[in-house]
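Residue numbers (the numbering used here), protein chains in the order written: chain H, 1 to 457; chain W, 458 to 914.
To be clear, the hints were calculated from the coordinates, so they are not data collected in a lab.
Model, not experiment: these values are computed from the prediction.
The reader is advised that the hints may include incorrect statements.
What the hints assert, rightly or not - Mimicking SDA-like on lysine to any residue, the simulated pairs with C-alpha atoms at most 20 Å apart in a straight line are: (1) W:K516 / W:E498; (2) H:K356 / W:K813; (3) W:K813 / H:H74; (4) W:K813 / H:L37.
There are 2 protein chains.
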Amino acid sequence: MTDREEDEDERAGVLDRLREAIAAGAAARAAAELNELHPSEIADVLESCPPEERAALWKLVDPRTKGDVLIEAHGEVRRQLIDESAADELAAAVQRLDLDALSDIYDELPDGVVEAVLSAMDAQRRERFHVVRTYPPDTAGGLMDVDALAVRPDVTLRMVLSYLSRYRAENERLPAHTDAVMVTGLGGNYLGRLAVIDLVSLDRETRVHAVMNRETEPIAADTPARRVARRFEDEDLVSAPVVDDRGRLIGRITVDDVVDVIREQAENSVMAGAGLDAAEDTFAPPLASAWRRAIWLGINLVSAFVAAWVIGLFESSINQIVALAVLMPVVASMGGVAGTQSLAVVIRGIALEQVKEGNRLRLFNKELAVGLLNGGLWALAVVLIVTFWFQRPVLSLVFGAALVLNLVWGVAAGTLIPMALARLRIDPALAGGVMLVALTDAFGFFVFLGLATLLLL
Amino acid sequence: MTDREEDEDERAGVLDRLREAIAAGAAARAAAELNELHPSEIADVLESCPPEERAALWKLVDPRTKGDVLIEAHGEVRRQLIDESAADELAAAVQRLDLDALSDIYDELPDGVVEAVLSAMDAQRRERFHVVRTYPPDTAGGLMDVDALAVRPDVTLRMVLSYLSRYRAENERLPAHTDAVMVTGLGGNYLGRLAVIDLVSLDRETRVHAVMNRETEPIAADTPARRVARRFEDEDLVSAPVVDDRGRLIGRITVDDVVDVIREQAENSVMAGAGLDAAEDTFAPPLASAWRRAIWLGINLVSAFVAAWVIGLFESSINQIVALAVLMPVVASMGGVAGTQSLAVVIRGIALEQVKEGNRLRLFNKELAVGLLNGGLWALAVVLIVTFWFQRPVLSLVFGAALVLNLVWGVAAGTLIPMALARLRIDPALAGGVMLVALTDAFGFFVFLGLATLLLL
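When you get a sec, could you build the whole thing from the sequences and use the hints?
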């Protein structure tokens with residue numbers, strides 16, 4: 001048995017034991033089993049259950065870990081868990097969270113809970129929280145923790161060490177992922193970073209300014225999350241300073257937040273292609289799921305009827321040569337597939353920022369050439385197949401020509417649509433596929449039936 | 458102008474300036490401009506160029522950073538850069554790399570270079586390198602660095618600190634991302650981790666065993682990379698110990714490697730849906746691109762001809778009622794879209810490990826219900842449209858019934874295909890979409906034309 005299977009079985013085992021315990025009325029046993037897990041594992045278990053079971057299990061989660069479980073849960077599942085919680089319990093659970101985590105779920109909390117949480121904060125914490133809330137969640141400011149440790153440049157490493165010991169003694173722990181201490185000047189201006197590893201391995205009488213790293217550019221608070229992720233990837237960062245528009249240190253982004261951003265982007269690109277929201281609960285009730293997916297089907301229905309209308313224009317041609325009806329979906333489908341390939345390459349190129357002003361035209365020309373080459377190759381193949389099948393050489397030539405034209409049309413659309421959507425700030429992964437298929441279907445039917453009408457009738 | 462646009466302009470600017478400098482024969486200026494960039498940025502610039510320009514720029518890259526640029530470059534681009542390099546230069550460039558990075562590109566290096574690199578290593582480094590090479594690149598063993606620092610449990614923090622200072626003095630630097638020192642027992646058995654931050658903030662006379670973290674489970678060397686990524690995400694790790702099958706510490710995985718794994722998965726899921734390899738060079742020469750994409754188009758052509766053959770079975774029905782030809786693509790396309798939605802939800806559920814033995818049936822039933830609900834909803838709409846358009850109530854009823862049936866067929870296929878492919882260890886993102894569309898097209902045509910033949914003729 002492979003590692004993955006074992007692991008899957010182990011997880012399935014937990015779920016099965018939980019179900020059994022609940023069915024047997026042994027809630028205490030189920031609760032003990034559940035609360036042995038890491039908060040992220042509890043969230044996984046909850047996301048693997050249908051809504052009713054999820055509600056029952058949620059009641060068993062230790063109130064002290066409920067806040068962390070909420071943070072780990074996604075989209076609709078999180079919303080359900082919040083709805084299922086009593087207001088006072090919820091307030092107590094989220095009170096314990098880091099400010100950036102609290103900010104993440106803040107907008108989903110009921111009003112009463114929000115007030116209770118705010119009024120329980122001390123003034124300093126409340127002020128810091130308002131700083132985090134100033135920035136949209138998908139920017140550096142929205143991702144940052146406000147608990148960055150900062151020291152002055154003219155102190156010695158020994159003084160930094162004793163500051164850290166004192167901080168720890170007072171707060172019980174240091175901020176998570178403290179791989180560096182920030183160095184700030186007068187007015188809180190960011191000057192550089194002092195790696196913790198330098199603290200332990202360099203001479204203690206050294207002054208901070210002599211060993212601090214001035215090279216890491218701080219991140220502006222309004223930087224979009226995806227650019228933050230790129231910087232972490234490119235520079236292999238664990239944490240990075242965030243500054244406001246006047247260069248003052250206001251927080252710190254850590255790699256765990258960045259990992260979440262990248263994962264969300266990945267999930268989003270899988271789901272968006274089918275017109276789905278990444279927040280969708282895999283085990284949502286059918287009616288809710290159906291309703292959310294209906295819009296996308298409706299959009300596709302309109303585009304399919306446009307294609308049907310195009311076919312309708314050529315009813316009399318089809319009436320005379322039924323083979324046209326047999327072959328037309330092949331032309332449409334091949335254009336769609338070729339276009340989808342260009343779409344994927346260009347969407348990735350845009351995401352990786354390889355596609356820029358200076359090389360758009362070159363990429364377009366390249367894709368066009370690819371479309372022509374593949375159109376030519378497969379047109380040759382289909383001309384042979386169709387000649388053999390229908391014994392009508394002119395029909396096969398029309399079919400081959402329509403195939404080449406629709407492939408070229410497809411790659412052109414597959415290249416230009418995402419470039420245009422990106423300019424309009426619409427996610428090309430979301431709208432690109434439907435638009436493409438609408439265009440390749442309609443054009444495919446039109447060019448094949450049109451050519452046939454001109455040349456065969 | 459937004460941040461992103463500015464940034465894009467700045468990057469486009471670099472590329473433009475480089476091109477101008479090269480065109481003007483000012484290679485030295487171009488080289489200076491290029492070598493000011495971070496290796497990952499140099500890789501970005503190279504990936505944004507067509508192959509000829511890329512080769513010219515590569516000659517200008519500082520030989521000392523060439524190794525790092527190679528590591529940052531992807532797939533085909535990396536292969537081209539290796540091909541363009543002289544053997545001795547290449548050997549010198551990769552000599553400088555960390556062992557896990559070297560292992561990543563090792564298989565792509567020409568034989569002569571491999572020998573030169575191995576013979577230049579000292580015995581210890583060569584032995585460590587062989588350990589890394591034992592494990593496939595997509596496992597924990599393949600991802601790990603072998604330079605983990607380890608101490609015994611019975612020493613004091615003061616002794617650990619002086620060990621670190623000595624290590625640093627001898628090696629000029631500590632291993633990257635050293636957020637913790639590993640603790641090993643006799644025979645190198647992994648016992649726990651000592652966070653560096655504890656070293657700086659706890660009493661120096663404390664013994665390691667009193668403060669080490671025993672909770673982080675070490676990662677087995679044969680754990681698949683995707684599971685490693687999940688653990689880092691779930692537990693917010695920066696580094697984690699890797700052990701062999703006897704529990705001995707053999708290395709350490711750091712978060713920057715994990716970020717690369719997650720990013721690659723994301724890229725892969727975008728590209729696989731169009732039958733493309735994530736290694737594909739966006740600016741590859743058209744002939745090479747066309748050739749690689751041709752196979753996918755060929756597979757699709759076969760599936761499209763199967764659908765055409767299904768239509769061919771009903772030629773005489775279409776001959777009598779041309780409206781069938783007009784409407785049949787709508788039935789096929791709606792089934793495809795509904796199926797794609799189920800496919801995306803199930804592929805994500807499998808990736809997040811939410812879909813397990815115990816809830817597969819439930820998920821299937823849910824998707825089926827979603828298909829029925831949406832089939833019913835849109836069948837109602839199309840019956841009205843078609844009655845109005847063609848004035849044939851029985852035809853509209855047949856059309857509505859076929860739509861419902863193909864939607865249900867689509868969601869069933871969209872749910873079962875990825876589950877089956879995952880069992881067979883085939884990437885569902887790669888093969889799932891084509892198989893689905895082949896099934897929904899063929900069934901859509903069959904059920905609509907078949908019902909019409911039965912009921913209308």
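Consistency of the hints with the structure:
The hinted pair formed by K516 (chain W) and E498 (chain W) meets the criterion: a straight-line CA distance of about 16 Å does not exceed 20 Å. With a CA separation close to 43 Å, the supplied pair K356 (chain H) and K813 (chain W) exceeds the 20 Å bound. With a C-alpha separation of about 18 Å, the suggested pairing of K813 (chain W) with H74 (chain H) holds against the 20 Å cut-off. The straight-line distance between the Cα atoms of K813 (chain W) and L37 (chain H) is roughly 18 Å, inside the 20 Å bound, and the hint therefore holds.
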